[in-house]
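The listed protein sequences derive, respectively, from chains Y and E. FYI, in our numbering the residues of the first sequence are 1 to 222. FYI, in our numbering the residues of the second sequence are 1 to 271.
I should point out that these hints are in silico values taken from the structure, not numbers from a laboratory. In this text, all values refer to a predicted model and were calculated from it rather than measured experimentally. Even glycine gets a Cβ: it sits at the ideal position worked out from N, Cα and C. Among the hints, erroneous ones may be present.
Chain E side only, calculated, beta carbon under 7 Å to chain Y, not exhaustive [what the hints assert, rightly or not]: (1) 65; (2) 69; (3) 71; (4) 99; (5) 104; (6) 116; (7) 128; (8) 131; (9) 160; (10) 164.
Letter by letter, the chains look like this.
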Amino acid sequence: MFDWRWDFAFEILPRLLQATLNTLAAAGVGYGIAVVLGLVFALAQRTPSRIVTMVVRECVEFIRSTPLVLQIFFVFFVGPQFGIRLSPWVAGMIAIGLHYSAYLSEVYRGGLDSVPKGQWEACTALNLSTTKTYFRVIIPQALPPSLAGMGNYLVGIFKDTPMLSVIGVAELMQAANAIGGSTYRYLEPYTMVGIIFLAISLPAAGMIKLFEAWVRKKLGMN
Amino acid sequence: MEDMSQYPTELSGPDVPMVRFMSVTKSYGALTVLDSLDLDVSEGEMVTVIGPSGSGKTTVLRMLMTLETINGGVIYVDGKPLTHMEKNGVLVRADAKYLRRARSSIGMCFQHFNLFPHMTAIQNCMEGPVQVLGLPKAEARERSEELLSMVGMIDKKDQHPSRLSGGQQQRVAIARALAMRPKVMLFDEVTSALDPEVIGEVTGVIRKLVAEHNLTMLMVTHQMGFARDISDRVCFFYQGKIEEQGAPESLFGNPQRERTQQFLSAVKAAD
Ligand SMILES: Nc1ncnc2c1ncn2[C@@H]1O[C@H](COP(=O)(O)OP(=O)(O)OP(=O)(O)O)[C@@H](O)[C@H]1O
Ligand SMILES: [Mg+2]
């Protein structure tokens with residue numbers, strides 16, 4: 001069938017698994033950046049300063065309306081012209097983290113907006129500071145409704161890591177390309193990359209659902 | 001611009017009220033909700049606010065809790081301005097920092113309780129004392145347990161609000177507000193969202209507060225019988241003004257103004 005060679009498949013498996021670790025690391029680090037930066041973007045859009053709100057809003061819109069691959073190229077190739085020379089890994093993490101932070105900020109925004117007005121008023125009545133109001137009352141309640149969206153983007157960022165291969169980050173796609181380039185066999189590496197992605201994405205989606213239920217329970221909100 | 005020099009920067013004299021609304025005006029756009037309101041509440045006094053829907057009752061409490069800014073006049077609490085602060089001998093609008101300190105003597109309970117859903121009953125009560133007053137956890141816990149016992153909720157102290165009935169949630173909310181040791185407590189229709197059979201749980205707690213504590217209280221309610229029982233004074237609001245006020249016996253027993261009579265007979269007919 002299609003000239004599939006098992007011996008070749010087994011031969012390249014270790015290399016692909018090694019690259020899988022890199023892919024997971026890239027997705028993890030990128031997501032970590034996006035989770036934190038996304039929150040910063042979401043909160044910045046709620047400051048009393050109209051200017052801050054508008055500038056952040058426009059940045060988020062800009063990031064969301066341009067392709068990820070362009071942003072990766074931009075950080076990696078245009079950066080040096082301004083004296084910012086970054087390794088493929090650093091450039092890749094910045095680009096993908098920034099890209100997804102724009103999407104996550106929208107998820108958070110929805111979550112924050114879903115917290116009833118009465119919760120803010122109770123915080124004022126108890127005289128909580130703004131920071132404590134956010135971190136102890138509002139964000140914990142904004143979290144459960146945000147988790148589904150956050151989970152989708154976790155899987156999303158994982159599936160987008162192959163784009164980092166364009167600047168030479170040694171993740172799965174790059175490994176498969178390299179194997180193909182040196183052996184002229186593409187069927188096995190690309191098929192295996194697909195299977196690896198599937199084998200991680202599918203259970204991850206299920207686990208996110210479980211996690212969501214666990215958080216809700218933990219916060220006493222069921 | 002209002003001439004602020006007509007308002008004292010501080011109230012002095014023998015009987016400074018705990019709360020004073022001085023020519024307070026509140027409007028939303030073109031709609032004037034409260035029109036030059038003057039109202040004093042003495043220390044330890046229980047004042048009840050009644051009136052038709054939309055007459056501005058809730059707004060009075062929300063302004064005092066600093067949940068709404070006012071458009072004219074000044075509110076004083078314990079002799080000091082709440083909505084304004086002194087600057088070079090005149091009052092200017094209070095900034096966020098001043099407001100935070102000024103409102104610390106006021107507590108409020110809401111119609112829909114507004115408990116924090118992700119915290120248990122006792123965590124709700126401890127939140128303010130620990131995070132705002134900086135009390136050690138053990139002390140805050142002790143204070144909270146005392147108050148939860150007082151409102152009859154000590155058995156449920158480790159339950160989240162979603163596991164409590166409305167009456168139980170409202171009692172926890174009262175304990176939470178009291179844990180901050182306010183001088184003035186505000187109750188905005190705290191029984192309106194409750195099933196009839198549990199209203200007594202909450203009014204019972206308020207009765208106890210009136211009987212055993214020297215708290216200054218301002219309460220909005222639709223329960224005329226309750227208002228009559230426990231108030232020192234009742235204010236009837238009509239279209240953003242106090243139409244009539246007085247001791248409960250006289251306001252309910254012998255109302256002077258036609259609008260008060262109409263309102264009271266309408267309420268009686270509905271009962
Ligand atoms: N945020 C707002 N924006 C515009 N109008 C408002 C706002 N809040 C209150 N109002 C208006 O102010 C008026 C007084 O409202 P308020 O809530 O104080 O009435 P109330 O006496 O408490 O009535 P109820 O018995 O129905 O609770 C109403 O006409 C209301 O529509
Ligand atoms: Mg009201």
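Hint-by-hint comparison with the structure:
1. 65: holds (6 Å)
2. 69: For residue 69 of chain E, the interface hint is violated, since the closest Cβ of chain Y sits about 12 Å away, which is over 7 Å.
3. 71: Check failed: Cβ of residue 71 of chain E comes no nearer than 19 Å to chain Y, outside 7 Å.
4. 99: violated (9 Å)
5. 104: holds (5 Å)
6. 116: Since the shortest Cβ distance to chain Y is 6 Å, the answer is holds.
7. 128: Holds. Min distance 4 Å.
8. 131: At 5 Å from the nearest chain Y Cβ, residue 131 of chain E passes the 7 Å test, so the hint holds.
9. 160: Holds: closest Cβ of chain Y sits about 3 Å from residue 160 of chain E, inside 7 Å.
10. 164: violated (11 Å)
Violated hints, in rising order: 2, 3, 4, 10; the structure is consistent with all others.
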